[in-house]
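Engineer: So you can see what is in the structure, the chains are spelled out below.
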Amino acid sequence: MLKPNNSSGKLIVVEGIDGSGKSTQIDLIYKWLSEKGKSVYFSEWNSSPLVKSTTKKGKKSKVFTPTTFSLIQAADFADRWENQILPMLKAGVIVLADRYAFTGFARDVARGVDPEWVRNLYSFAYQPDLVLYFKVPLEVAVERITSGRTKLKYYEAGMDLKLAEKRTTSFELFQEKILKEYKKMSKEYEFSVLDATRPVHKQQKEVRKLVEHALKGWRGLPNPEYSARNYARRQSTKKKSESKE
Amino acid sequence: MAENKYYETGFPYRKDKKLPGKLIVVEGTDGVGRSTQVELLKKDLEKNGFAVSDTGLRRSKLTQEGLDEAKHGNALSPLTNSLFYATDFADRLENQIIPALRAGFIVLSDRYFYSIIARDVVRGIDPDWARKVYGFALIPDIVLYLKADIDTLITRIVHGRGFNYWEAGMDILQEDNLYDSFKKYQAHMIDEFDHMTKEFNFHAIDANLSINRTHQEIMQHIQPILDEYNK
Numbered sequence: 002m003l004k005p006n007n008s009s010g011k012l013i014v015v016e017g018i019d020g021s022g023k024s025t026q027i028d029l030i031y032k033w034l035s036e037k038g039k040s041v042y043f044s045e046w047n048s049s050p051l052v053k054s055t056t057k058k059g060k061k062s063k064v065f066t067p068t069t070f071s072l073i074q075a076a077d078f079a080d081r082w083e084n085q086i087l088p089m090l091k092a093g094v095i096v097l098a099d100r101y102a103f104t105g106f107a108r109d110v111a112r113g114v115d116p117e118w119v120r121n122l123y124s125f126a127y128q129p130d131l132v133l134y135f136k137v138p139l140e141v142a143v144e145r146i147t148s149g150r151t152k153l154k155y156y157e158a159g160m161d162l163k164l165a166e167k168r169t170t171s172f173e174l175f176q177e178k179i180l181k182e183y184k185k186m187s188k189e190y191e192f193s194v195l196d197a198t199r200p201v202h203k204q205q206k207e208v209r210k211l212v213e214h215a216l217k218g219w220r221g222l223p224n225p226e227y228s229a230r231n232y233a234r235r236q237s238t239k240k241k242s243e244s245k246e
Numbered sequence: 098m099a100e101n102k103y104y105e106t107g108f109p110y111r112k113d114k115k116l117p118g119k120l121i122v123v124e125g126t127d128g129v130g131r132s133t134q135v136e137l138l139k140k141d142l143e144k145n146g147f148a149v150s151d152t153g154l155r156r157s158k159l160t161q162e163g164l165d166e167a168k169h170g171n172a173l174s175p176l177t178n179s180l181f182y183a184t185d186f187a188d189r190l191e192n193q194i195i196p197a198l199r200a201g202f203i204v205l206s207d208r209y210f211y212s213i214i215a216r217d218v219v220r221g222i223d224p225d226w227a228r229k230v231y232g233f234a235l236i237p238d239i240v241l242y243l244k245a246d247i248d249t250l251i252t253r254i255v256h257g258r259g260f261n262y263w264e265a266g267m268d269i270l271q272e273d274n275l276y277d278s279f280k281k282y283q284a285h286m287i288d289e290f291d292h293m294t295k296e297f298n299f300h301a302i303d304a305n306l307s308i309n310r311t312h313q314e315i316m317q318h319i320q321p322i323l324d325e326y327n328k
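Heads up: the sequence lines are chains A and B, in that order.
Just so you know, the working numbering puts 7 at position 6 of the first sequence, and the rest follows in order with no gaps.
Just so you know, the working numbering puts 173 at position 76 of the second sequence, and the rest follows in order with no gaps.
These are computed hints drawn from the structure, not numbers from a lab.
Glycine included, every Cβ here is placed at the ideal spot set by N, Cα and C.
You can trust all of the hints, since none of them are fake.
Partial list, derived from the structure: chain B residues whose beta carbon lies under 8 Å from chain A:
| no. | residue |
| --- | --- |
| 1 | Thr106 |
| 2 | Pro109 |
| 3 | Thr160 |
| 4 | Glu162 |
| 5 | Leu173 |
| 6 | Phe181 |
| 7 | Ala183 |
| 8 | Asn192 |
| 9 | Lys229 |
| 10 | Gly232 |
Chain B with its partners taken away, still in its complex shape (with noise of 0.2 Å):
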């Protein structure tokens, strides 16, 4: 049977066996829609039968605690937050994903590591560093880049959850306004993500279609996965 794949040097420890399940990403900048997009595509691969498991960034039980208590509290220093970042990750790709790929599921990632890099390199973390972290990361099988402009962004986020502190970068930029720090560092986050589409082999999605038209764009970008997943 064929190996899984991991970015460098995955889980020495681990002895998997090739998973049967298939890993589908959906990354993105806030206020692109991607929950709106994950939620859609579970109805639909549901419906048509298949088993879906859906898991989103910070969901880890044994980190929520400490990173609520980081952002309400003493917020953590750069290198900190990042390696709490991957301690959280690295704990839902052990047990939940990696658990439901071995069950066969296909597996919806509300974010993959791609968003955390993008956010630690915004904050000054040395980007080959953080790359190097994830070198234990399982290589999903479509990684979906919902990419909308800035503007897109903007009329999503008055009309839908409001501005928020974390999400405009505030922590960092020098603005006085949550308007102004949102444009700068969203646009900031928007570069990162572009440096990674070729290197992580990103499906770029254009997300500022309507809700509809995104998610018949993505069914088009993963029924490959799903046909291969039906052989």
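Next up, chain A with everything else stripped away, as it sits in the complex (with noise of 0.2 Å):
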């Protein structure tokens, strides 16, 4: 299981299948918040520098079975988790997460690892504060993945679970269970489901509200102009009790 946030910070992530726009309303989301002056930091999912060769290699010459995939993947998040998402978040900062171990979750468990053992490996990692949850129907998505773009890679289509010849084929049956796991999750998780087949702005006056309600009554890390303005407000109110002395 998750442990709860105890840091001075705050955790909001996206989820949802490929094609569910999120990344969109992250991006949305993280320009909002600075721009209102917050410290907002943003993490990618298998993003990790140090992780990267292997997973490339492995990806490459195919050799990731259901386990390894999955364990590289959480080192992956490990090495962030670490080296930014903590750090971040104990200095009071909003971490905006595209992708979290959910993901892991439902991927590979719909590749076949027990639930049990893939939620032990990220258990080291915060429940967020708000996980947005891109709720969007199989077809809509494969129709935007698939009209979108070049072809679908080997392990995006699932092609490794041997579920059909055709990519797309395997592409649409991997994603179907993968959201049936991020159903399952719903729940156990607290995720805010957001219906992802409504316009984008409509989406994200919803998801604003939500991100609104999460930080209700926090104050985070300034960023420096503010901190640098609120210095200044300070001194000028220190300069002027001193000339009424």
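Work from the hints to combine the two standalone chains into their complex.
Structural biologist: So this is what it looks like as structure tokens:
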């Protein structure tokens, strides 16, 4: 199970299958919060430079098994956790994560690893303050993914599961399994479920409300500009009170 | 046919029938003479007509580069390091050890996940967490734990490959020299191995004795495994 967040920062994550539009939404939140003067840090799934060469190698030579795939993704997460996410949270920053442990749980269990085993792998991580789950019907996601870009990659399409010969068919079957896992997790990890078929700005409006609620009454680390302004204000009050004396 | 035994979950997606080979693990601290004993054992078994496959720690092609990079450049933080080694171990287990066992080989493993756990725990990793990570591991037919006193280890290191940064735990201990650090670090490691002896059913072998005596002792311990294999 995940640990409670006892840091002075806030952890907000977006989850959903490929093509759910979650990255668009988190990008908008990032800009919105930054403009409001908050200290915000963004961390993306599978982006640790230290683990990159291994992941690349395994994908290229197709040697990953469900277990090794799960472990290398967990190593990637651990690297970001120890070197980025946790220190930022401790400093009082809002950490926005595009995908979190739940992606590992969903994909790895869909690949056939034991659900309890993979939950233990990530048990050092915090339960987020807000999990925004972008729920989208399978057909919509598949349409968005397959129409918009080049050929699906081997692991992305879940070809290692040998579900189907054709990549698009395999992708659909794989995503279907992942959707089922997300559904199971919704309650377990208190997901805020959003209808990802709605227009982007309408979703964003709802997202902002949820974020505001999660941040209510909380004051984190100010950004340098705010920090300098506050310092100047304190200085001038001090001077005023001195000149009165 | 009987089932393969795993510590916890194993690999739920694998449908391996009972593997006909035997898995013999040789464990122990640095400088205890593990590789020497594995070599002798291999020769002896092959002389007697057994097909032997040997595999060491950190030899997976998948992770080799990443782990080497990590040793030379920025060291990985404890959790990341731990999961990296777990990836490497799982890769070797699924892609080397299990196929060899399926082909009926006697597999000699120079170390298994026990050393990795010991190493992790000495670096502050939660022992229960680490054990659960390796819940997929196959239970070996026998684990030979080569155990020697620190003084023995030191004579072998001095007359062998010399002290080295990692084997001395210089990355975590606050000592100003390799000798003091090695002594402390290996004492911690021995403690961890001792804790695991009962838990994982290690066969402790007194490795303070000469190479030959130790080898003979090892042969005695594995005889029942060979008898079973020959049946």
